[in-house]
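**Q** The residues making up each chain are set out below.
Protein chains: 2
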Amino acid sequence: MVLSRAQAAELDRRDDLAGLRARFVLPDGLLYLDGNSLGALPVGVAERVAHVVEHEWGRRLIRSWNEAEWFTAHRRVAAALAPLLGAGADEVAVADSTSVNLFKLLVAAVRLRPGRPVLVVERGAFPTDVYLARSVAELTGGELRLIDSPAELPAALDERVAVVGLSEVDFRTGARWDAAATTAAIHAVGALALWDLSHSTGALDVDLTGWDADLAVGCGYKYLNGGPGAPAYCFVAARHADAVLTPLPGWHGHAEPFAMSPDYVPAPGVGRLAAGTPPVLSLLALEQALEVLAGVPRAALEAKAHRLTSLFVELVDAHCPELAVVSPREPAARGSQVSLRHELAYPLIRALAQRQVIGDFRTPDIARFGFPPAYTRFVDVWDAVRLIRATLDADEHRDPRLAVRETVT
Amino acid sequence: MVLSRAQAAELDRRDDLAGLRARFVLPDGLLYLDGNSLGALPVGVAERVAHVVEHEWGRRLIRSWNEAEWFTAHRRVAAALAPLLGAGADEVAVADSTSVNLFKLLVAAVRLRPGRPVLVVERGAFPTDVYLARSVAELTGGELRLIDSPAELPAALDERVAVVGLSEVDFRTGARWDAAATTAAIHAVGALALWDLSHSTGALDVDLTGWDADLAVGCGYKYLNGGPGAPAYCFVAARHADAVLTPLPGWHGHAEPFAMSPDYVPAPGVGRLAAGTPPVLSLLALEQALEVLAGVPRAALEAKAHRLTSLFVELVDAHCPELAVVSPREPAARGSQVSLRHELAYPLIRALAQRQVIGDFRTPDIARFGFPPAYTRFVDVWDAVRLIRATLDADEHRDPRLAVRETVT
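Protein chains in written order, with our numbering: chain Y, 69 to 477; chain V, 69 to 477.
Hints listed in this document are in silico derivations from the structure and should not be mistaken for laboratory results.
The structure displayed is predicted, hence computed values, not measured ones.
Some hints could be false.
According to the in silico footprint, chain V covers these stretches of chain Y (three or more CB under 8 Å from chain V) [stated by the list, open to error]: (1) 127 to 138; (2) 198 to 205; (3) 221 to 232; (4) 291 to 301; (5) 356 to 368; (6) 438 to 448.
In this text, a Cβ means the ideal position worked out from N, Cα and C, and glycines have one as well.
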């Protein structure tokens, strides 16, 4: 190894964020490098959810909408999220899934830019993002323009573009856009910038205000640790908040929900993006989970992400040359994940799981490893590479039984 | 009283469904008549949710998508719901909120009936239903036609109508459509019938197949007892399932989710209506809750609903003449709720809560009481009317402090 395990342990001792790890329930002996898919369980969430189910739902029943403040929970969660997004609390709404929020904001964006029919997204974006953009183009009589790489964006930008929807971090490769410069380029043609931050928030120095972003969405269950299928969020810059029109108006987003009027009057600002009743158990799990990251500087999370991923790249380069690093080598140009290419990536990931190293597979040949800065140690990186090497040496990834596909998310 | 408490207790002793009550956690001394807003907590749900959080999420982490079958949970819940809807398991999808599902199906309905621009809904429907229908009309270049009463439906039906969206049971009055006859009338002009069953399923003999319904939606947290904001469902009749096009295509509804293709190929049948990652904690709470109603005949639930609501109406008529029954007096013409009109309905509901009788208020003057047949006893009805009478006699509903509005859902 290019550095010893003792040296890695020394990095952990000097890590200002090391104390956060104790705020998570992490199984002994597991090297969990898939928090970019499902974040670990924070301490306190199980107790909070149990209280919500047994006391608030079970004993207080309907009264908890007021007493336990379920009705305003989505606003509290939005306020807790805002600092992690570089946004104001009044610019963030928490509701529905990332998909539904993306749909709402794509339609809203097209309406904010009448006479501009074009939506631009990446062909290689998370598939739902492409499907939704195509659907919105069809519904609004617009046009979908797909780009195959960041280099194609400048040529795709013109005065016919209403909105450009980009994932700050690519889910397959970990490649990261320069969000500030890209937003500026999008604005230069008068279009709106919509960022999908699912693979960013909680791990990187997301700064929607600094980027001058217009719109954003993201999920609650990756680096935010809100639990499987946690509610998602959306961001609308204050300058647009009172102009945004959602295609999914609902009573939770009405100016006077309990007037129960057949006439829709949107709530002021971003609150109008709420529609139906939120999944309260999942929403309050997310609220509890966000306490772990309260007050943690975004820049500190990103700095640690750089160091963790750099160490992993360095060790893989040195010890596992048969695995090609496909993530960018410049730390600031990638998310908190590193993707490796190998023709046997699928059985390799399964063989590693048998050794208690959890990464994940993305078709056709990507082994993906995530390094959530809140709970990943430098020794975890060191141990993971040692076990990857041992797995390759033992040809465990060539076991034909592991090549038979099962569902993997 | 027109019958004694002992006679009410005798009705409970003869009630075939009486045993179901033991499957719920109900606080001692509380008369909970608001299960039509938030259903009670079934026994076993707290344990199931705790296991999901602590073991499946906390210890097994991402592996639970396969191991604990999170990925297919929405299909299991759909299969458990189907018998309560009179539907086939392959006609039901569980996803998102009722609002989002209604949006999907309204857009799908307009697409199934090209050349027919009109959507018909009731002006007095649950407000979100009206807002969404208006939004879909705007997005599809269509036209919204509002009716003010069931009597206006025939005149609203013509060959320009694509879809009629109706709530089987009115959330304010409890009035119920004749769903089979109404569906036939809608079909007679070639339009599609979309039923909102939020106030029906789990309490009434919903029979989508028998009605020949086309589409339906409903929530999981009222008579299905899935917990606050439980995931919702939608129904698409088998004859339409492969023709339905959702405006919210997502990877969970793709024919090959893990191909991660930029080209959307809808899953066969109703499964295409899934989009994003479901809120797993809330979804599995609903799955556990549905075990209580497994194998319970829908007709038995409805028969008990008739008897409970009839007893309440009879006792209110006899003992509380100042409260006007606004729900229909024919049992089959109402849901499992009874709404009473009084100018002080709001402080009355709050005064009753102080006596541990929980109903709810709907603006401007409706006191609403729900009688979930799965756990409401005949003695509960008797005791509630006695306490309503005592509250009125003591003029507690005239306490000006109780007239000050707070948020009530």
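**Q** Hints first: check each against the structure and report whether it holds.
**A** Each hint, compared with the structure:
Only residues whose C-beta sits within less than 8 Å of a C-beta in chain V count toward coverage, and the region 127 to 138 of chain Y has 8 of them, enough to reach three; the restraint holds. Here's how the region 198 to 205 of chain Y fares: 5 of its residues keep a CB closer than 8 Å to some CB of chain V, so the rule of at least three is met and the hint holds. Only when three residues or more bring their CB closer than 8 Å to a CB of chain V does the claim for the region 221 to 232 of chain Y stand; here the count is 0, and the claim is violated. Figure legend: the region 291 to 301 of chain Y, annotated as covered by chain V; annotation consistent (6 residues with Cβ-Cβ distances under 8 Å, at least 3 required).
Figure legend: the region 356 to 368 of chain Y, annotated as covered by chain V; annotation inconsistent (0 residues with Cβ-Cβ distances under 8 Å, at least 3 required). Only residues whose beta carbon comes within less than 8 Å of a beta carbon in chain V count, and the region 438 to 448 of chain Y has 0; fewer than three means the coverage is violated.
In summary, the numbered hints that this structure violates are 3, 5, 6.
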